[in-house]
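Let the sequences and hints guide you as you build the complete structure.
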Amino acid sequence: MVDEDPVKTLLEKTEKAGVAMLATTDADGRIVSRPMAIQEIEADHAIWFITRVSTPKIGEVSGSQPVNVSVAEKGFWASITGTATVEGDVERKKRYWSKATEAFFGESKPEDPDIVLLKVDPDSGEYWDSPGLPATAVEVIKGMVGDRPARPGESNTVDL
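For the sequence shown, counting from 1, position 79 maps to 78 in numbering that gives the first Met the number 0; every step adds exactly one.
No wet-lab data here; the hints were simulated from the structure. Computed from a predicted structure; not experimentally measured. The beta carbon of each residue, even a glycine, is placed where N, CA and C say it ideally should be.
Lysine to aspartate or glutamate pairs mimicking DMTMM-like chemistry, simulated, CA-CA at most 25 angstroms apart:
#1 Lys-108 to Glu-41
#2 Lys-108 to Asp-88
#3 Lys-108 to Glu-90
#4 Lys-73 to Asp-4
#5 Lys-15 to Asp-4
#6 Lys-7 to Asp-158
#7 Lys-12 to Glu-125
#8 Lys-15 to Glu-41
#9 Lys-12 to Asp-128
#10 Lys-7 to Glu-153
#11 Lys-98 to Glu-110
#12 Lys-12 to Glu-153
#13 Lys-15 to Glu-39
#14 Lys-15 to Glu-3
#15 Lys-73 to Glu-125
#16 Lys-93 to Glu-106
Derived CB-CB ranges, DEER-like:
#17 Glu-110 to Ser-154: 35 to 45 angstroms
#18 Phe-104 to Gly-28: 28 to 38 angstroms
#19 Asp-120 to Val-89: 15 to 25 angstroms
#20 Lys-7 to Asp-111: 29 to 39 angstroms
#21 Glu-86 to Asp-122: 16 to 26 angstroms
#22 Arg-147 to Lys-98: 49 to 59 angstroms
#23 Ser-154 to Lys-108: 38 to 48 angstroms
#24 Arg-147 to Gln-64: 33 to 43 angstroms
Following this line, the structure appears as structure tokens:
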């Protein structure tokens with residue numbers, strides 16, 4: 000089945016994953032990834048995270064350095080590239096704050112200046128969406144015995 004709105008599929012399934020790997024580049028040029036809870040993906044495609052300003056990733060996103068947000072869920076994989084900025088909007092931090100957030104930030108509160116928002120402004124994304132193991136297995140078998148390569152799902156590249 001061909002998706003009629005690949006941007007919507009990419010963003011909705013990424014947000015539904017709840018956790019993504021955020022990849023940045025450190026001062027030595029190494030790619031560094033860490034899991035981050037997705038707080039929200041807005042209509043303009045911005046992806047929001049909460050973090051501490053005192054973490055190395057904050058320095059790694061300065062100067063419009065490219066970042067990557069990736070997810071891997073059962074039957075769905077996505078990679079989104081863009082740039083990130085640090086924001087201190089206390090009202091937004093309060094809106095995103097939860098018991099789960101408190102578990103990661105201990106005694107800190109949204110008003111704490113060390114707690115910041117990381118906003119990723121994506122420019123492109125790619126995803127692979129599989130219908131599940133049985134359908135994938137059937138497609139692989141068709142590819143093995145048929146005259147066309149296996150097509151075990153859908154993939155799309157989109158501009159954001």
